[in-house]
Structure formats: structure tokens, C-alpha cells
Amino acid sequence: MKADPQLVQAVVTQVLIPEILGIIRAHHASTGELPTDEQVIAKMNTDADAIVAKGEAFLNR
Amino acid sequence: MKARSLLVSLVVALTVVACAHAPASVVTPQGKAAFAADQVLVRLQEAQNAVIVAATPDAAGHVSLPKPTADIIVSFTVEAAKAIKQTPNGWLAVVSSAWTSAKAKIPANVAAQAQGYILAIDTLLAGAGASPIPMPESNAALQQVIDDGERFLTGA
Chain A
1 MKADPQLVQA VVTQVLIPEI LGIIRAHHAS TGELPTDEQV IAKMNTDADA
51 IVAKGEAFLN R
Chain B
1 MKARSLLVSL VVALTVVACA HAPASVVTPQ GKAAFAADQV LVRLQEAQNA
51 VIVAATPDAA GHVSLPKPTA DIIVSFTVEA AKAIKQTPNG WLAVVSSAWT
101 SAKAKIPANV AAQAQGYILA IDTLLAGAGA SPIPMPESNA ALQQVIDDGE
151 RFLTGA
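Residue numbers (the working numbering), protein chains in the order written: chain A, 1 to 61; chain B, 1 to 156.
Fair warning: there could be bad hints in the mix.
[Stated by the list, open to error] From the structure, some residues in chain B lie toward chain A, with a derived Cβ separation under 7 Å:
| id | residue |
| --- | --- |
| 1 | Thr28 |
| 2 | Pro29 |
| 3 | Gly31 |
| 4 | Ala34 |
| 5 | Asp38 |
| 6 | Thr77 |
| 7 | Ile106 |
No lab work stands behind these hints: they were computed from the structure.
All C-beta atoms, glycine included, are put in the ideal place defined by N, C-alpha and C.
Please build the complete structure, drawing on both the sequences and the hints.
Written out as C-alpha cells, the structure is:
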């Protein structure tokens, strides 16, 4: 089955590109600096903790 | 509808950006592993949020995913986050195995409702083992990518 070109274009422009830009922006901190090793490791720990906290809150409700 | 739209965005995003190279400023093996692991955590968090939204009753009290099924998936995300934090450079086998076990617990009568979320996490884990997408290696190159993308979006 061939994908509808308009649907593909909509997905690319509305979802894909903003998503990729968001990821790139996340690396482009407000200072304009690229992230350091320490910042990357700290963010990983923060994100993991947030998943655990929100998940456990949902499981306990 | 909100849950479905979240899900479509999630699957597409996971397919393309499940894994990216660390920027040039990240130099240690620990930093590179943490960067790659965090890409997965960010997507895992999106999957978790989508499942929680789907299992939260709307104004009429309806849910698009039953709480017991959501609990199975959310429990997996919690355990996966713990495993990734503990071993950012060697979590994939453990988490993939945990996901296989979790999927097997989802009742057959809700398989259709859970199918999108299952696909999203399947895609995330497959992407985590795939070749990374190169990141621009300087601030100027990053800015160029952002500018090009915004020009494309606005048609300028």
C-alpha cells in the first residue's frame, strides 16, 4: 500500500521536524554551550528519577 | 482522541530519534553512555506519560486503556528507568528481557487497545540498538540545523 504523500508531508512537518529540533535545542543550552559530561550524566539521573517517581505515584493511586 | 494523537506522535518520534550521537563536548565513555541512555529515558518518559493519560478517566469516566494494563506498562517503565540509571552502558539486554515478560502479562482481551503502546516501546528498544544519528559537532552547525528546520517549517 502506498502512503498518502499529503499524510507523509503532514507527519514530517508537524511531528518529525519539530521533534528533531526539540532534541537539538535541548543540547543547545541557554548559554549557547554544548552540554558537558557532568551535565549529561546529571540529566540522565534526573530523567530516570522522574520516571520512577511519576510511575510509582500512578501505580499507588 | 488526545491519547491517540499522543500515541501517533510517540511512535513516529521513537522511530526516528530513538538514539543520537553525543555532541563533541561529551568526551568520556561515561558521558557518551549517559547521553545515549538519556535519549532512551526521554522517550520512555513520553511512553509512560501517554499510557498514564490513556488510563486516566475523562469527564465521562471513560478510559482508553484499563488501569491494570496500564499498571503493567508503567511498572515496566519504572523498572527500566532504574536499570538504565544503574547501568547506562549495559542495560539493553536486561530491559528488553523485562519488556518481553511485561508484554506477556497483558491480557489478550485488551491487546488491541494496548497495541500502540506496545509498538512504541518495541520501537524504542529496537532503536536503542540501532546505529546512532550523528549530531552536529559545533554550536554554529547546531544553529544552522535549527535555522534550516525553522525555515522549512515556516516556508520562508
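Comparing the hints with the structure gives:
1. Using the Cβ-Cβ criterion of 7 Å, the hint placing Thr28 of chain B at the interface with chain A is satisfied: the shortest such distance is roughly 5 Å.
2. Residue-level restraint check for Pro29 of chain B is violated (minimum Cβ-Cβ distance to chain A is 10 Å; threshold 7 Å).
3. The interface hint given for Gly31 of chain B holds, since its Cβ lies 3 Å from the closest Cβ of chain A, which is under the 7 Å cut-off.
4. Because the closest C-beta pair between Ala34 of chain B and chain A is about 4 Å apart, less than 7 Å, the hint holds.
5. Checking Asp38 of chain B against chain A by beta carbon gives a least distance of about 4 Å; that is within 7 Å, so the hint holds.
6. A cut of 7 Å between beta carbons decides the hint on Thr77 of chain B: the least distance to chain A is about 5 Å, and the hint holds.
7. Checking Ile106 of chain B against chain A by beta carbon gives a least distance of about 16 Å; that is not within 7 Å, so the hint is violated.
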